[in-house]
Structures are given as structure tokens and as C-alpha cells.
Amino acid sequence: MRLLRVCTVLIVLLAAPALVPGLAPQVLANGDQPQPPKEFVPVDEVPPGEQIPAINLVAAAYGFVWLVMLGYVWTIARRLGTVEAELASLETRKR
Amino acid sequence: MRKLTTPFIVLSAGMLLAAPWIINAAPYESTMGLVQKVFYFHFPSAILFLVAAIVCGVHSARFLFFKNQRADGWAVAAAELGLVFGAITLVTGPLWARKAWGVWWVWDPRLTMSLVLWMIFAAYLMLRQYGGPGSDRLGAGMALFGMANVPFIYVSVNVWRTLHPQTSVVPTLPTDMGIPLWFCFAAFTMMFIALLNVRADLEHKRARLEALYLAEDEA
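Keeping their order, the protein sequence lines are chains U and D.
According to the working numbering, the first sequence is numbered sequentially starting from 1485.
According to the working numbering, the second sequence is numbered sequentially starting from 32.
The hints are simulated quantities; they were obtained by calculation from the structure and are not laboratory data.
Just so you know, these numbers come straight off a predicted model, no measurement behind them.
A couple of the hints might just be wrong.
[What the hints assert, rightly or not] Dumping the calculated DSS-like pairs for lysine-lysine here, alpha-carbon to alpha-carbon at most 30 Å:
hint, chain 1, residue 1, chain 2, residue 2
1, U, Lys1578, D, Lys34
2, D, Lys236, D, Lys98
3, U, Lys1578, D, Lys98
4, D, Lys236, U, Lys1578
[Said to hold, decoys possible] Far from chain U, by Cβ distances over 10 Å, these chain D residues were calculated:
hint, residue
5, Pro38
6, Leu47
7, Ala50
8, Pro51
9, Ile85
10, Trp149
11, Tyr161
12, Leu226
13, Val229
14, Tyr244
All residues carry an ideal CB built from backbone N, CA and C; glycine is no exception.
Put together the whole structure using the sequences plus the hints.
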């Protein structure tokens, strides 16, 4: 009975975006959708009319890569150090 | 391979430090302008995200069908790297999209399936951490589903209508855009190989530690 209640709640939650107007994803008609780029064309100057400062977004992307890489290397080094120390103490105890 | 780990990490870190100068020298893209330069980090991490899914799936199959215990260690390592490179892909992509498309996210097949793959990695690692006995076999099965997702993610931009650049972009890149791309790709790949080795080594040592504790309990 409890499982049935949980399933009902889950179904309602999953169906909510489709039922409530405004929450449903906006689907464009095929004709309205711009064509995806098939190739990149290089130019020498930044196109005029850049509304959002792109440099912040590029810098954020580069900073995020460094943050994640350094953080991950640090966690691996820490975990490896712990396991190696435990392994060494266990092997010494065995002898 | 273990001997190459430290040089690989140092060299790739050096290349990532030099990357902004090399990327700066590349020309701007005609419609997207400066923000298109996110591509030089986004593309390598996205490809390695998919490679991690394949590595995880192949080693999971070795573990599941041939009972190779060391393969399980490689699968866990690849899943964790998939989570890391997937996070980079899923964060740098919206930073690029905000400027290029005017929105952070659209629920198109490429983006949605990439998010699903990232969640499969997250679920796999949570299962391995908290699942208890038998979670290794269950996780291996899950990794196979993750690997099956890869070809769909790759071809999705060519098959379904989307704003995401198609796969034809990379082979048709002009040389002055191709040089920074392959430079960054080499840096990311070296980092991936080095981290995969270190992480798998950690998993193998953990397995050894567990075996030693079990032997001690039995004695």
C-alpha cells in the first residue's frame, strides 16, 4: 500500500511539467529552429554587438577546469597516502 | 606505465598553463566570437568523458564475464574520471551556450543524454560506495548501460535537430583553429591517462588491503 502511494506521488511529480502550463518545455516547430552549425568559419575581429562579456565566461570555463583538476589530484593523493600508510602498517604487523 | 604518471601530470599541467596563449592566437569564430574559445576545453573533456564510459564498460564486461578482479579496479577508476571530465563538459558547455544560444541549457538529445551518462557514473560510484556485498556485479551491469549510451550521444547532433555544433565541425577546422584544439586535446589526454593509472593503482591497493584484513581475520 505504501509502495503504491510512493509510486503515485512519483508519477504525479514526473507528469507535473507536462500538465502545468508554463512548466512544459518550449518546443519549437521545425521551421522556427535555427540550423546547427556544420563548420566553424574563422574571422580576425570579434563580431560587433557582443551583449554579454564573453571573456568572463571563457575565464570561468578555464578556471573551472583548473579547480576540478587540482581538486581531483589532491583527493587522489590524499586517499592514496592513507591506503599506502595502512597497507604498510598492516604488512609490518604481519611480520 | 606507472613511471610515466608523474611526467604526464607535470607536462599536461604545463601545457594547460600555456594553453591560454595558444588559444588567444587562434582566430575568432564568425558568429560566436570570443566565447567559442571555450570549445578548446569543452571538446577534449567531452571526448574523454565518452572514452571514460567506454573504458569503464569494457573493464566491467571483463569483470562480469571473465571474473577478472583487477578489471573491476580499472572500471571504478574510469567511472570516477568520467564523473570528473563529465562535470567539466557539463559546466563549460552551458558557459559557452549562455552567450552563443542565449540560454544556459536546452533539453536537446546531446545535452540530455550527456547528463544521463553523468548521472549513471554518479549512481555507479554511489552504488560502489554504499551498495554493500554484490554491488560490484550490479555496478558492472550498470556500466554496460552507460557504455551503450556513448554512440547515441556521439551521433545525436547529426540525427536529431539541435543547436549544438555537429560532428563535422572538428574535421573541417582550419589549421589555426586546429592547432590549439589538438594541443589542448593532448594535454587533457595525458592528464586522463595519468589520473586513470593513479586511481586504478589506488583501487588495486584497496583490494589488497581488504584481502590482508580478511586473511588476518581468518588466522
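Could you work out which of the previously given hints the structure breaks and list their numbers from low to high? 6, 7, 8, 12, 13, 14
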